[in-house]
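Novice: Just so you know, the sequences run in chain order A and B.
Going letter by letter, the first sequence gives residues 1 to 324 in the working numbering.
Going letter by letter, the second sequence gives residues 1 to 435 in the working numbering.
Worth flagging that the hints you see were computed from the coordinates, not collected in a lab.
Keep in mind that the hints are not guaranteed to be accurate.
[What the hints assert, rightly or not] Quick partial rundown of chain B residues pointing at chain A, CB under 10 Å, derived from the structure: (1) ALA64; (2) SER114; (3) VAL129; (4) ARG134; (5) GLY154; (6) ALA168; (7) PRO190; (8) TYR275; (9) ALA277.
[Unchecked claim] Straight-line alpha carbon distances no greater than 30 Å define the calculated DSBU-like cross-link-like pairs of lysine-lysine that follow: (10) B:LYS337 / A:LYS39; (11) B:LYS244 / A:LYS157; (12) A:LYS157 / B:LYS317; (13) A:LYS39 / B:LYS244; (14) A:LYS184 / B:LYS336; (15) B:LYS336 / A:LYS157; (16) B:LYS244 / B:LYS9; (17) A:LYS242 / B:LYS351.
Quick reminder that beta carbons are idealized off the backbone N, C-alpha and C, glycines included.
So the chains spell out like this:
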Amino acid sequence: MPEITMLEAIREALFEEMERDPTVVALGEDIGVYGGAFKVTDGLLAKYGPERVIDTPISETAIVGAACGMSYLGLRPVAEMQFIDFIACCFNQVTNFVAKSHYRCGAPVPMVLRGPSGGGVHGGPFHSANPEMYFVHTPGLKVIYPSTAYDAKGLLKSAIRDNNPVLFFEHKFLYRRVKEEVPKTDYTVPIGKAIVRRQGRDLTILSYAAAVHTALEAAATLAKEGIEAEVIDLRTLLPLDKETILASVKKTNRLLVVHEDTKTGGIAGEIAALVCENAFDHLDAPISRVTGLDTPVPYSPPLEAEFLPSVEKVSVAARELAKY
Amino acid sequence: MQTRLTPEKQVDLYYYMQLNRQLEERLVRLFRQNKVVGGVYSSLGQEGISVGTSYALEARDWLAPMIRNIGALLVKGFKPRDIFTQHMAKVTSPTQGKDGTSHFGDLKVRHVVSPISMLGDLIPVMTGVAMAGRYLGQNIVAMTWIGDGGSSTGAFHEGLNFAATQRAPFVLILENNQWAYSTPVSKQVPLRDLADRAKAYGIASKVVDGNDVLAVYETTKAAVDECRAGRGPILIEAKTMRMKGHAQHDPAEYVPKPMFEFWKSQDPIARYEAYLAENKIWDAKRKAEVDARIERELDEDQRFAEGSPLPSAELAKEGVYCEGCHTVEAQWERAKKEVMPPASCIDAIWKINEFGAFAAKQEHIPRQASTGNGMKPAVQVPASGSAQPVEVDIDKQPALRVPFGRGPKDRAFERERQEKQPPPKHRHRHKGRRR
Ligand SMILES: Cc1ncc(C[n+]2csc(CCOP(=O)(O)OP(=O)(O)O)c2C)c(N)n1
Ligand SMILES: [Mg+2]
Numbered sequence: 001m002p003e004i005t006m007l008e009a010i011r012e013a014l015f016e017e018m019e020r021d022p023t024v025v026a027l028g029e030d031i032g033v034y035g036g037a038f039k040v041t042d043g044l045l046a047k048y049g050p051e052r053v054i055d056t057p058i059s060e061t062a063i064v065g066a067a068c069g070m071s072y073l074g075l076r077p078v079a080e081m082q083f084i085d086f087i088a089c090c091f092n093q094v095t096n097f098v099a100k101s102h103y104r105c106g107a108p109v110p111m112v113l114r115g116p117s118g119g120g121v122h123g124g125p126f127h128s129a130n131p132e133m134y135f136v137h138t139p140g141l142k143v144i145y146p147s148t149a150y151d152a153k154g155l156l157k158s159a160i161r162d163n164n165p166v167l168f169f170e171h172k173f174l175y176r177r178v179k180e181e182v183p184k185t186d187y188t189v190p191i192g193k194a195i196v197r198r199q200g201r202d203l204t205i206l207s208y209a210a211a212v213h214t215a216l217e218a219a220a221t222l223a224k225e226g227i228e229a230e231v232i233d234l235r236t237l238l239p240l241d242k243e244t245i246l247a248s249v250k251k252t253n254r255l256l257v258v259h260e261d262t263k264t265g266g267i268a269g270e271i272a273a274l275v276c277e278n279a280f281d282h283l284d285a286p287i288s289r290v291t292g293l294d295t296p297v298p299y300s301p302p303l304e305a306e307f308l309p310s311v312e313k314v315s316v317a318a319r320e321l322a323k324y
Numbered sequence: 001m002q003t004r005l006t007p008e009k010q011v012d013l014y015y016y017m018q019l020n021r022q023l024e025e026r027l028v029r030l031f032r033q034n035k036v037v038g039g040v041y042s043s044l045g046q047e048g049i050s051v052g053t054s055y056a057l058e059a060r061d062w063l064a065p066m067i068r069n070i071g072a073l074l075v076k077g078f079k080p081r082d083i084f085t086q087h088m089a090k091v092t093s094p095t096q097g098k099d100g101t102s103h104f105g106d107l108k109v110r111h112v113v114s115p116i117s118m119l120g121d122l123i124p125v126m127t128g129v130a131m132a133g134r135y136l137g138q139n140i141v142a143m144t145w146i147g148d149g150g151s152s153t154g155a156f157h158e159g160l161n162f163a164a165t166q167r168a169p170f171v172l173i174l175e176n177n178q179w180a181y182s183t184p185v186s187k188q189v190p191l192r193d194l195a196d197r198a199k200a201y202g203i204a205s206k207v208v209d210g211n212d213v214l215a216v217y218e219t220t221k222a223a224v225d226e227c228r229a230g231r232g233p234i235l236i237e238a239k240t241m242r243m244k245g246h247a248q249h250d251p252a253e254y255v256p257k258p259m260f261e262f263w264k265s266q267d268p269i270a271r272y273e274a275y276l277a278e279n280k281i282w283d284a285k286r287k288a289e290v291d292a293r294i295e296r297e298l299d300e301d302q303r304f305a306e307g308s309p310l311p312s313a314e315l316a317k318e319g320v321y322c323e324g325c326h327t328v329e330a331q332w333e334r335a336k337k338e339v340m341p342p343a344s345c346i347d348a349i350w351k352i353n354e355f356g357a358f359a360a361k362q363e364h365i366p367r368q369a370s371t372g373n374g375m376k377p378a379v380q381v382p383a384s385g386s387a388q389p390v391e392v393d394i395d396k397q398p399a400l401r402v403p404f405g406r407g408p409k410d411r412a413f414e415r416e417r418q419e420k421q422p423p424p425k426h427r428h429r430h431k432g433r434r435r
């Protein structure tokens, strides 16, 4: 098995799903001839043609609206946001039209909305966002945010085959930085299942997307100091894998949540409430958070570094927690 | 108005308009009795538009109503009971009480997309419906409606522009009823004819007397036929008047009295009844039969709705996600292999037919006067082979079923390019990865 990047894994998933199922179509800005701003869709147009790979005007509302309409006729459109930040331009279509469709009138919307997200590449305030929580707060959507190439491919396939609208966040810092062996054979990764990335007994570090790698690095450092952290990758934020979260907390009795998204209203708060409701008696320490700052993502490298969670910040918080 | 409709179908139009009106009158009474949970949005005076436009569609076609398009739902085969129960939030309603008014649909049989309150959003959605129908080879037309006020939303522009670039078989009916809630149309749109919005997208448009149901039908039918032939999308402005307030709660005191009086004289049902009598399409006996049928149907369905229970509370939790309750199936009416490799494979390069330079000699694109610009865009195409930059007439471009790089225009361009000296660098070649 060859090693491929997360970006290539996503591309493979698109190729394989379009090959498997002619109802799968792709649309977005510059995705066809150019192959997408990050080249995720490179080669799709040449193989599947302009009826299935549609270069659209710069109209996010039209992209999502049209994808929704297509799905009503049984297609499975995969719509791209050139940068996920632009999803703000079609917030209404996503949260009012798409998300509520099945609940209020029984019309499923089997579409995927995917795009590059996250910071760490000096994209500045409009090309670095992590807007996942707006959508985690929207019943009717599913929200996926993978951290590995294998998961990205398997989860994107699951997303395309799902009968519900799925938002698929692709952390652009990871696009070409994470690499692993990914099967050429057809496989899927289930939506709504977290995974334990590292076993530990002293505390649980819950994370997702690029921050998983920060957490793993911190865990390796901590291990040298005798602190065994369990690292869990949520992978799916909606629906949340409550079982895996609670089982780990019950085992380690200490919880640190690490995410790149801003702190206020980030998923760490939701997880803290979940754990308090269901496993309060198991906690030996207050729940701790290491997150992005409550600011826009700044542009200049030292500012952005200050914004982002780091191995150092996670290690400090984990040590505090372990000795509490 | 000349029509090809049989006398029977002409009476049918009356039936639907009157059913629409009488149904809404009953809704108002139910509202006053506190039996309607939410609001009632009257389409009084606009029935000819809902009915005349939707009547031009075939069973396979798709529509999405707006809130004043109950008439279109009736034409598509929904029953008065569906509308009664929706307004009364009963468990027997199409949404089981989860949504109200005209917010319901049926993807499988009637091909109706449920609207949402946010104005304009249906336009991109129905563009997608039209594109998917074409992709699957179904030869359908998609239709929705928008108000004069709603035509100022971003979704309207994004949707119609996208539909235009895709040549989508999509008919958009712009119901200019002079008011958007309390705001007159002049404060919404600085145009005499809102159909002129179509010029911005290079698509055809029409203006029609919205209170003349036959004119509405004929205009829409022609537009539907054009769209089916691959010459969509088309915008139709229907001039009319909202004869009540925005909804039941609004007495519309901001509307000048003479304006109501003028439009009262234009009532679409009264006008149509006179037409039917004058042209001997019906007689008093036939009219009495139709009216009696309407009363009978409404009595029965109102009884059904009033006797229906409200939903039980547990239902609130159900149905956020599709967990196998619905199957998603596409109805293919073309061979799937047409959209699979090798048939789908192309050279992933742009062919640029015009270089976009300022054309000094060319007059500015002539536009017709503002009374609607007819079925054809006003853009004229210079003879091909001219050395001047060529104005692209999207009407003449191949419909999207022809992958670009293979259409007749592209072949002509290729030939011309080979005959003459090498063109300036204009192609952005990107080597698509072939697999
Ligand atoms: C995007 C959006 N903004 C505001 C509203 C509130 N609203 C509902 S109807 C309406 C007036 C609509 O006027 P028009 O589009 O002319 O339709 P009409 O009511 O005349 O049929 C307004 C402001 C809405 N539904 N959607
Ligand atoms: Mg209006």
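Novice: Run through the hints listed earlier and report the numbers of any the structure violates, in increasing order.
Specialist: 7, 8, 9, 11, 13 and 17
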